[in-house]
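S.K.: Listed below are the residues making up each chain.
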Amino acid sequence: MVKEDINIGLGFRREIAGNFLEEGGLHPDFIEVAPENWIDMGGYWGDVFKKVTDKYPLILHGLSLSIGSPEEPDWAFLKKVKQFIKDYHVAVYSDHLTFAKMDNAHLYDLLPIPFREDAVKHVVQRIKEVQDFLERPLTLENASYYTSVAAEMTEQQFISSIVEESGCNLLLDVNNVYVNAFNHKYDAREFIDAMPLDRVTYIHMAGHYKIQPDLIIDTHGEAIIDPVFDLFDYTIEKMAPVPVLLERDFNFPEMEELKTEMDKLRTICKKNWTSDVVQQGNI
Amino acid sequence: MLYSKETYKLQQEFTRWCRTGEEIHLENTRPEGLKQYRRLLRNNINNTMKQAFPIAVSILSEKEWATLIDDFFAGHDAQTFQVWKLPFEFYQFVSKQSYGITFKKPYLSDLLHFEWIEIDVHTMPDQIPEPFKKKGDPKKDRIEVNKEYRLIKLNFPVHLYAAEESKNHTGNYFLLAYRHPDNFEVRFVDLPALHTLFFEKIAQEGKSVNDILKEIGEASSPELMPEIEKNISKFVETMFDQKIFLGYQHIYKN
Chain A
1089 MVKEDINIGL GFRREIAGNF LEEGGLHPDF IEVAPENWID MGGYWGDVFK
1139 KVTDKYPLIL HGLSLSIGSP EEPDWAFLKK VKQFIKDYHV AVYSDHLTFA
1189 KMDNAHLYDL LPIPFREDAV KHVVQRIKEV QDFLERPLTL ENASYYTSVA
1239 AEMTEQQFIS SIVEESGCNL LLDVNNVYVN AFNHKYDARE FIDAMPLDRV
1289 TYIHMAGHYK IQPDLIIDTH GEAIIDPVFD LFDYTIEKMA PVPVLLERDF
1339 NFPEMEELKT EMDKLRTICK KNWTSDVVQQ GNI
Chain B
119 MLYSKETYKL QQEFTRWCRT GEEIHLENTR PEGLKQYRRL LRNNINNTMK
169 QAFPIAVSIL SEKEWATLID DFFAGHDAQT FQVWKLPFEF YQFVSKQSYG
219 ITFKKPYLSD LLHFEWIEID VHTMPDQIPE PFKKKGDPKK DRIEVNKEYR
269 LIKLNFPVHL YAAEESKNHT GNYFLLAYRH PDNFEVRFVD LPALHTLFFE
319 KIAQEGKSVN DILKEIGEAS SPELMPEIEK NISKFVETMF DQKIFLGYQH
369 IYKN
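Chains as they are written, first to last, in this note's numbering: chain A, 1089 to 1371; chain B, 119 to 372.
If you are wondering where the hints come from, they were derived from the structure by calculation, not from laboratory data. Keep in mind that the hints are not guaranteed to be accurate.
[Claimed, not checked] Computed list of chain B residues with no C-beta within reach of chain A, every gap over 10 angstroms:
| id | residue |
| --- | --- |
| 1 | P172 |
| 2 | D189 |
| 3 | A280 |
| 4 | G324 |
| 5 | K325 |
| 6 | S338 |
| 7 | T356 |
[Stated by the list, open to error] Quick look at which bits of chain A chain B covers, simulated, 3 or more residues with Cβ under 8 angstroms:
| id | region |
| --- | --- |
| 8 | 1093-1099 |
| 9 | 1209-1219 |
[To be verified] Straight-line distance between alpha carbons at most 27 angstroms, and here's what the computed DSSO-like set of lysine-lysine pairs gives:
| id | chain 1 | residue 1 | chain 2 | residue 2 |
| --- | --- | --- | --- | --- |
| 10 | A | K1273 | A | K1216 |
| 11 | B | K181 | B | K223 |
| 12 | B | K127 | A | K1139 |
| 13 | B | K203 | A | K1138 |
| 14 | B | K265 | A | K1216 |
| 15 | B | K252 | B | K271 |
| 16 | A | K1138 | B | K265 |
| 17 | A | K1167 | B | K265 |
The beta-carbon is built from N, C-alpha and C at its ideal position, and this holds for glycine as well.
Please take these sequences and the hints and turn them into a complete structure.
M.R.: Structure representation (structure tokens):
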């Protein structure tokens, strides 16, 4: 789907939809949506979605896969996702390493899976089942979390084990690493160093909100702060190029501000990923 | 499932806390972080419903609204994977539990239904009409109907009056909500019972106006028929003007 090595995308949201189609508006290299928000959508928004997906390559980032649920995967949902992927020529289907459904009830948010050995086994089995059904690798995101639940291993051990044993790809959300490191008092760079970076196929960048002196919420409603840009720079220097997404879900600023953020991401990517730099590195 | 019973129970207790706020004792958790989950999940449900039902929010007290949200979140197992369709389950939950009676707002269920069908029609998958002719005989030919509609029955005319006032006008009201094919706008048409009957027979059974008039004629006094025919001719004309009726079918269906 990508035209060049450096691809900076933006989440397609209704509130800013017009800017994706207007001359002089936002022109990301690709867009990302939650399939749950667009499957079976007709009428005005169905028409807008068709126009925007005719114009931009599409990556999916779901909310309802709930890979950490005890119950069976929702095959009816996955059947629709599979068709959606086919209809829109989607290159990447991603979701979260979390659960969002329990006791036959959707919860519409991302809850932390207990970092435990039996959970690793369970999630690995689920990933394999879903990958077999979709006939493609899953890409799963390291989620932000505000408390761990009866953890018996570290977050990095949990993620690395699942990626290694399941064969899935990793969506590395750099802001989530920053948020989790702050909330749970670990070193973000050490965490990055421990991640299987060769399995990262997609990166998310976003803003967050500090609601208490010792607690940050991953809101996607603020601009990216400099320490997160720094962590991004630190991370991608160790990686091959992958698509990078700016996530902004509400509290939208002037479009120029979003463009500036995307430009900044592009500049950091160019610094680390253009062939000149690689050659210099080789010399 | 490869979870141990212990881990499974942890997840159950965690989500139970999120949904009910009932006190739990989860080991190795950060209480302040735990609280965020209940807040975030409840906010998500609350915001979705506020957006879907702006009129209902405005006529209920804060306490009544909070009761609905809390009871729904705790007591209803949400089935749709699409949160924007959850308002339909909310409407069904509120109706089934008779909150309208509890709150002395008997129109509540109809109001939620009315607000929901606007979303439903606005977002429903595109329904491509069969090929149709623009010209035809409105009485003899079978009519191609715009399939992007919902027809509902209300006992309280919340589409015609302010909610509280609707209590003084109870009856059988038939409301057609449809998506205009030119601009995707959702429009509402209040249908009298006779027109509802004609509309359903045309839309659901594919009958021509003459077929339906014949059926009615067999069960009615002959002296009523000229007036009914006149009335229905006007109705059909209006439905074409509003693009609820689109044209005439190419091929007659048996």
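S.K.: Against each hint, give a clear statement of whether it holds in the structure.
M.R.: Outcome of the hint check:
Distance to chain A confirms P172 of chain B as a non-interface residue, since its nearest Cβ pair spans about 17 angstroms, more than 10 angstroms. For D189 of chain B, the requirement that its beta carbon stay farther than 10 angstroms from each beta carbon of chain A is met, with the minimum near 14 angstroms. For A280 of chain B, the condition that its CB be more than 10 angstroms from all CB atoms of chain A holds, with the nearest at approximately 28 angstroms. For G324 of chain B, the non-interface assignment is confirmed: its Cβ lies about 23 angstroms from the closest Cβ of chain A, beyond the 10 angstroms cut-off.
With a least CB separation of 27 angstroms from chain A, K325 of chain B remains clear of the 10 angstroms interface cut-off, as annotated. For S338 of chain B, the shortest C-beta to C-beta distance to chain A comes to about 39 angstroms, beyond the 10 angstroms cut-off, and the non-interface label holds. T356 of chain B, annotated as away from the interface, keeps every beta carbon of chain A farther than 10 angstroms; the closest lies near 23 angstroms. Remark: the region 1093-1099 of chain A is not confirmed as covered by chain B, as 0 of its residues place a Cβ nearer than 8 angstroms to a Cβ of that chain, below the required three.
Proximity of the region 1209-1219 of chain A to chain B, defined as three or more residues with a beta carbon under 8 angstroms from a beta carbon of that chain, is established by the 3 residues found. For the hint pairing K1273 of chain A with K1216 of chain A, the CA-to-CA distance comes to about 33 angstroms; that exceeds 27 angstroms, so the pair is violated. Only pairs whose Cα atoms come within 27 angstroms are accepted, and K181 of chain B paired with K223 of chain B is accepted, the gap being roughly 14 angstroms. A threshold of 27 angstroms between alpha carbons decides the hint, and for K127 of chain B with K1139 of chain A the separation of about 46 angstroms lies outside it, so the pair is violated.
Among the hinted pairs, K203 of chain B with K1138 of chain A is consistent with the structure: their alpha-carbon atoms are about 20 angstroms apart, no more than 27 angstroms. Note on K265 of chain B and K1216 of chain A: the hinted pairing is violated, with a Cα-Cα distance of about 41 angstroms set against a maximum of 27 angstroms. For the hint pairing K252 of chain B with K271 of chain B, the CA-to-CA distance comes to about 31 angstroms; that exceeds 27 angstroms, so the pair is violated. Taken as a hint, the K1138 of chain A and K265 of chain B pair is honoured in the structure, with Cα atoms around 21 angstroms apart against an allowance of 27 angstroms.
In summary, the hint linking K1167 of chain A to K265 of chain B is supported, as the alpha carbons are separated by about 25 angstroms, within the 27 angstroms threshold.
Of the hints listed earlier, those the structure fails to meet are numbers 8, 10, 12, 14, 15, in rising order.
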